[in-house]
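> Here is what each chain is made of, one letter per residue.
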Amino acid sequence: MLGRGVKRKWSCLEEAEVVSEARQLVLGLCLEKLQRYQAGVELSLRRSVLLINTLRQIQEEMRSDGVGSCDVHPDSCLLRDDFREDVTVTCPGCSEGESPPELPSQEANGSDQQKPPAAVSDAVNAMGYLGDLALDDIFEDIDTSMYETSDLPSAWASGSLPQSHSTAGSLQSCLMDLNELDHIMEILVVETHLVGPGLQNGFSL
Amino acid sequence: EGPSSSSSSSTVGIHRPALPMTGWEQVCRFLDPEPADLSMEEESDTRKINNSFLRDHNYATEADIISTVEFNSSGELLATGDKGGRVVVFQREQESKSQPQRRGEYNVYSTFQSHEPEFDYLKSLEIEEKINKIKWLPQQNAAYFLLSTNDKTVKLWKISERDKRPEGYNLKDEDGRIRDPSTITSLRVPVLQPMDLMVEATARRVFSNAHTYHINSISVNSDLQTFISTDDLRVNLWNLEITDRSFNIVDIKPANMEELTEVITSAEFHPQQCHTFAYSSSKGSIRLCDMRQAALCDKHCKYFEEPEDPSTRSFFSEIISSISDVKFSHNGRYLMTRDYLTVKVWDLQMENKPLETYQVHDYLRGKLCSLYENDCIFDKFECVWNGSDSVIMTGSYNNFFRMFDRNTKRDVTLEASRENSKPRAILKPRKVCVGGKRRKDEISVDSLDFSKKILHTTWHPHENIIAVAATNNLYIFQDKVN
Numbered sequence: 001m002l003g004r005g006v007k008r009k010w011s012c013l014e015e016a017e018v019v020s021e022a023r024q025l026v027l028g029l030c031l032e033k034l035q036r037y038q039a040g041v042e043l044s045l046r047r048s049v050l051l052i053n054t055l056r057q058i059q060e061e062m063r064s065d066g067v068g069s070c071d072v073h074p075d076s077c078l079l080r081d082d083f084r085e086d087v088t089v090t091c092p093g094c095s096e097g098e099s100p101p102e103l104p105s106q107e108a109n110g111s112d113q114q115k116p117p118a119a120v121s122d123a124v125n126a127m128g129y130l131g132d133l134a135l136d137d138i139f140e141d142i143d144t145s146m147y148e149t150s151d152l153p154s155a156w157a158s159g160s161l162p163q164s165h166s167t168a169g170s171l172q173s174c175l176m177d178l179n180e181l182d183h184i185m186e187i188l189v190v191e192t193h194l195v196g197p198g199l200q201n202g203f204s205l
Numbered sequence: 001e002g003p004s005s006s007s008s009s010s011t012v013g014i015h016r017p018a019l020p021m022t023g024w025e026q027v028c029r030f031l032d033p034e035p036a037d038l039s040m041e042e043e044s045d046t047r048k049i050n051n052s053f054l055r056d057h058n059y060a061t062e063a064d065i066i067s068t069v070e071f072n073s074s075g076e077l078l079a080t081g082d083k084g085g086r087v088v089v090f091q092r093e094q095e096s097k098s099q100p101q102r103r104g105e106y107n108v109y110s111t112f113q114s115h116e117p118e119f120d121y122l123k124s125l126e127i128e129e130k131i132n133k134i135k136w137l138p139q140q141n142a143a144y145f146l147l148s149t150n151d152k153t154v155k156l157w158k159i160s161e162r163d164k165r166p167e168g169y170n171l172k173d174e175d176g177r178i179r180d181p182s183t184i185t186s187l188r189v190p191v192l193q194p195m196d197l198m199v200e201a202t203a204r205r206v207f208s209n210a211h212t213y214h215i216n217s218i219s220v221n222s223d224l225q226t227f228i229s230t231d232d233l234r235v236n237l238w239n240l241e242i243t244d245r246s247f248n249i250v251d252i253k254p255a256n257m258e259e260l261t262e263v264i265t266s267a268e269f270h271p272q273q274c275h276t277f278a279y280s281s282s283k284g285s286i287r288l289c290d291m292r293q294a295a296l297c298d299k300h301c302k303y304f305e306e307p308e309d310p311s312t313r314s315f316f317s318e319i320i321s322s323i324s325d326v327k328f329s330h331n332g333r334y335l336m337t338r339d340y341l342t343v344k345v346w347d348l349q350m351e352n353k354p355l356e357t358y359q360v361h362d363y364l365r366g367k368l369c370s371l372y373e374n375d376c377i378f379d380k381f382e383c384v385w386n387g388s389d390s391v392i393m394t395g396s397y398n399n400f401f402r403m404f405d406r407n408t409k410r411d412v413t414l415e416a417s418r419e420n421s422k423p424r425a426i427l428k429p430r431k432v433c434v435g436g437k438r439r440k441d442e443i444s445v446d447s448l449d450f451s452k453k454i455l456h457t458t459w460h461p462h463e464n465i466i467a468v469a470a471t472n473n474l475y476i477f478q479d480k481v482n
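First to last, the protein sequences are chains G and S.
Counting from 1, position 28 in the first sequence corresponds to residue 28 in UniProt numbering; the numbering is continuous, with no gaps.
Counting from 1, position 398 in the second sequence corresponds to residue 398 in UniProt numbering; the numbering is continuous, with no gaps.
Just chain G, same shape as in the assembly:
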């Protein structure tokens, strides 16, 4: 399973796919966070603004990507490494500041069963500052097939990619070609962990 020393040069197309997948991931998180709100507690304006700005940035990039630019910045690999080895984590103590996060896979209360766009506009209306401006703009051309499952994060974490993605195989092999044993071992350890009951005390990345 471990690749042996054959360095393969990244083709521009592969990098673009990785970046696009990273973008989808962050976009999904954005939507999830915007739709996740607590009734009766005022949302933090700072958090909402930062989320919306990130969303807008992604939308901008996706739009400009349609132009077909290949100058993916060199640290897209960094981002890819980041999200490939990331594990769904909980942070029980995170409730001091903004609205407390919940483990996404535990959100079985039905709020995330809705189609994301509708839920987001509910959330946005609850935030009370975006109104319904450009929601259509923001959400057009987005592949939302990833978000229609409630246990999405664990799907990511366990390594299975969204159905729409056909290049899962090539991404996996690119990962191995990194030629860093520690890095690969880390991922293997993480993946075997996830098969089990999950994180217990505190949490770690």
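Heads up, a few of these hints could be off.
Computed beta-carbon distance windows for the label pairs [to be verified]:
1. G:C12 to S:S317: 20 to 26 Å
2. G:C12 to S:Q273: 50 to 56 Å
3. S:G332 to G:S64: 40 to 46 Å
4. S:N107 to G:E61: 55 to 61 Å
5. S:E95 to G:R56: 56 to 62 Å
6. S:Q272 to G:D65: 50 to 56 Å
7. S:N107 to G:R56: 50 to 56 Å
8. S:Q272 to G:L13: 55 to 61 Å
9. G:D65 to S:M257: 28 to 34 Å
10. S:R410 to G:C12: 42 to 48 Å
11. S:E259 to G:C12: 34 to 40 Å
If you are wondering where the hints come from, they were derived from the structure by calculation, not from laboratory data.
Idealized CB from N, CA, C, for every residue including glycine.
Based on the hints, put chain S in the right spot on chain G.
Frame of chain G; chain S shown alone:
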């Protein structure tokens, strides 16, 4: 500006504190009691552990999470605010010849409920009682004054001691009941009699109804007559005597809220210039304003922002550039800002880039996606100067906090946790291992506990004594070397 390195004995006269990188010992800690604590025999400091200032139950709740800490201007008092709206004030133990080692310890002085949860009926929303900030007023008489604020309301509290009470009223008896006039046959004048010391806190002013958004900071002016309270979009100026009126001096709310892309994250008055204040934004910029120029400080005098480094750009660039705290140096020449990964020191004369940048936990740069997912990327860390502006300190995760010596460029990572410290034990520097081989004492990035974050710290104004809030525990450390 550290101690002179000359070998002359005249260095004895130098008053400047030694570089506080090593030699931090724990003076006292106020912890939730664990069952084990109550039976620890070798613990010579059980008094401190059992004397925790928790509410009347023996377990920690979310209400006990400390949300702010602040020394007063003399360092004699230390105030903490918590999520349950309570303020606890500690006082430094007096010099005692019989127990000289006790100097430097702090004891509970006063506890009071500052804010209660409220309900905004118009918006159908709960207003949290969590204390966001406490700021002391410089002491002008025997009483102590502090400002405490939650999301919406600022209160001025007076803390005073009472050790005498009047006795012997003519018209009422000791219980306070009015005496029957027919039984009064002689005149007597009340006399002040000593009583057990009582510390009472009374709310002297309530400054409310001026903030639509959440208050994130308050700052007392050097004129000692005014203060500012700041929310996401506005800065309001108050007179300490007047509660029914405040002046709006900064307003960044756009006419169309849909155009909102930036919020105010913190604001502070200049320590000497009573007309100058600074405020930071969620986009990583700081604006310095002069109140003499116009009633509404829309136009800044100075604008501090560092151009983005394109090589580190990611989806999270803006979020991690959001400034969570801004603090003027004591000498008023510098500004310090804290964003998610760094602390920066700015020279007020140089707007285009910071004077110094310190990496707090750069190893998190590769974990930003995770930290975004679990919301930790939105954590707001504070930063503090030491009394001489030579060392800066800020918190991190895993109960770590960091100090940076601006002169020697040395830095140290310390940990505030009960497992690793006993009273009077010297804190051992900690190290996070980022790659490959982990040494024995190091901790790997993936083992860090992100639920243990140190957001609030404060430094004694003159001495090397620091207070560190670790969730619901308070640690006080003193530099033993000095």
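> Against this structure, judge whether each hint is valid.
Here is what the structure says about each hint:
G:C12 and S:S317 have their C-beta atoms about 23 Å apart, which keeps the hinted 20 to 26 Å range intact. Between G:C12 and S:Q273 the C-beta distance comes to about 55 Å, which sits within the given range of 50 to 56 Å. Between S:G332 and G:S64 the CB atoms are about 45 Å apart, so this pair conforms to the stated range of 40 to 46 Å. The hinted window of 55 to 61 Å between S:N107 and G:E61 holds, with their beta carbons roughly 56 Å apart.
For the hinted restraint 56 to 62 Å between S:E95 and G:R56, the CB-CB distance of approximately 60 Å keeps it satisfied. About 51 Å separates the C-beta atoms of S:Q272 and G:D65, a value consistent with the hinted range of 50 to 56 Å. The hint said 50 to 56 Å for the Cβ distance between S:N107 and G:R56, and at roughly 52 Å that hint holds. Distance hint check: the CB atoms of S:Q272 and G:L13 are about 60 Å apart, consistent with the given range 55 to 61 Å.
Between G:D65 and S:M257, the C-beta spacing of about 29 Å keeps the proposed range 28 to 34 Å intact. The supplied range of 42 to 48 Å is met by S:R410 and G:C12, whose beta-carbon atoms lie about 44 Å from each other. The given range of 34 to 40 Å is respected by S:E259 and G:C12, whose C-beta atoms sit roughly 36 Å from each other.
The structure shown violates none of the earlier numbered hints.
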